[in-house]
Amino acid sequence: MRLHVLAAQQGATGSYSRWAELDSCPGQQWRADPRSHDAPTRGSRYSVGRPAGHGGQHVVTNEQIRVLVVEDDADTAQYVRTVLERRGGMDVTVVHEPMSALAEVAAHQFDVVLTDIQMPGMSGLELLVELRSRAAGTPVAVMTAFASVDYAVEALRRDADEFLVKPVAAATLLERISALAVEGRAKRAAMGSSEVVLAVGAHPDDVEIGVGATLASHRAAGDSVVILTLSGGAIGGDVQSRRHEALASAGVIGARLYLHDFEDTRLDPAGGLITTIEELIAEIEPTVVYTHSEHDRHQDHRAVRQAVDVAARRVPSLACFQSPSSTIDFRPTRFVPVDGFLEAKLQMLAAFESQSHRDYMDPDLVRATARYWSRFGGGEYAEPLEMVRAATMLSSKARAIGVAAAPAAEKVDGHGGHA
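Note that the working numbering numbers the sequence shown so that position 343 is 343, with each residue one more than the last.
Do not take every clue at face value.
[As the list claims (entries may be wrong)] What follows is a list of derived Cβ distance ranges for each label pair:
(1) 75 - 172: 17 to 23 Å
(2) 82 - 120: 20 to 26 Å
(3) 145 - 314: 48 to 54 Å
(4) 147 - 367: 42 to 48 Å
(5) 314 - 266: 23 to 29 Å
(6) 354 - 63: 45 to 51 Å
(7) 74 - 380: 19 to 25 Å
(8) 279 - 172: 27 to 33 Å
Honestly, the hints are just simulated from the structure, not real lab data. Here a beta-carbon is modelled for each residue, glycine too, at the ideal position from N, C-alpha and C.
Taking the hints into account, I'd like the entire structure generated from these sequences.
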């Protein structure tokens, strides 16, 4: 018998507040020249030319364009904001260093990112590479005060959509950003604007421990999130209590929850798991699936991974998360920045009150683990994934970790492992 629970939409996208602008960093490259502020034609609609090499014109509609500006010079940032907001009617977010930019694109959708090249900590060209991994499909324009051929060639090599040399006239800035926004929206519309995410776990709290913050970031981006838990976790506590906890946890981010009652510690891919997962996949048609790694001591976790391999064979993206029973053979190749979403994960885990005595549920350990994995990616916190296959929305730049060989996975009884 399957218990189907629809989680309340109490923690959806509106609950995530925007990051505040940071204080400007020292240093300057260029001061805004008011004489270069050429105003475009006024009105709620206007036509702009496409970039060189393209024919025809774009028309920007009344829908507000969202732009992320990454610029460490306060005067330049203010000039760009003023032109785009007052003369272009755009919604502009300004940050002064690249790590804040990565946090912004993880939490919000932008039509265009405009970044300086020379910045402290990470250059705009390095940021461009990260943006291609983390905000696939979002146009990126780079700008610099130095009209260097080397800069231009490197920007094109790293797939920049536009290269601008400061000072940039207001009309040119509006034209380029508007054109990029329209092209980016057209591409996203062709690909589909949101993902359908399915996270499959053996027991209540498995998914939340592994990718809770990642799921929160999906919801903040407007993606649909479904959690499939295949057993009630009877070995680890009262089934009814754990079901209520799982529902409350899913409600934190507004995810849908599907609960099944397969026997805890005896999950078998051939015993109905594959069919159950296939039926849900046919129903919701996910584009991304997260599940257990095969590098895990718990037999239920390995069984679920084997079942998902078969059931999700046609899903474009498949990734495996870490659990408390993962072995040292767990080798992540993708590190999802979760700055701004770790607190949501902690709220999800706090819902599992019956499991609060377990060490791996301790908030300090959860934070420390996410902090550790961030050393291989960007931001302050990250969740690790073993990528099985990835569509364009996931990173194409894998970072493999070399670790010592692990002993063979061992069978875990009902009291010795995570359930």
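Evaluated hints:
Checking the proposed 17 to 23 Å range against residue 75 and residue 172 shows it holds: the Cβ atoms sit about 18 Å from each other. Evaluation of the 20 to 26 Å hint for residue 82 and residue 120 yields a pass: the beta carbon distance comes to about 24 Å. In this structure the supplied range 48 to 54 Å holds for residue 145 paired with residue 314, their Cβ-Cβ distance being about 49 Å. Range check, residue 147 to residue 367: about 45 Å between beta-carbon atoms, so the 42 to 48 Å window is met.
Taking the beta carbon of each, residue 314 and residue 266 are about 28 Å apart, inside 23 to 29 Å as hinted. At about 47 Å, the CB distance of residue 354 to residue 63 agrees with the hint of 45 to 51 Å. Distance hint check for residue 74 and residue 380: the Cβ-Cβ separation is about 24 Å, which falls inside the suggested range of 19 to 25 Å. Taking 27 to 33 Å as the suggested C-beta distance range, the pair residue 279 and residue 172 does not conform, at roughly 55 Å.
In this structure, the one hint that does not hold is number 8.
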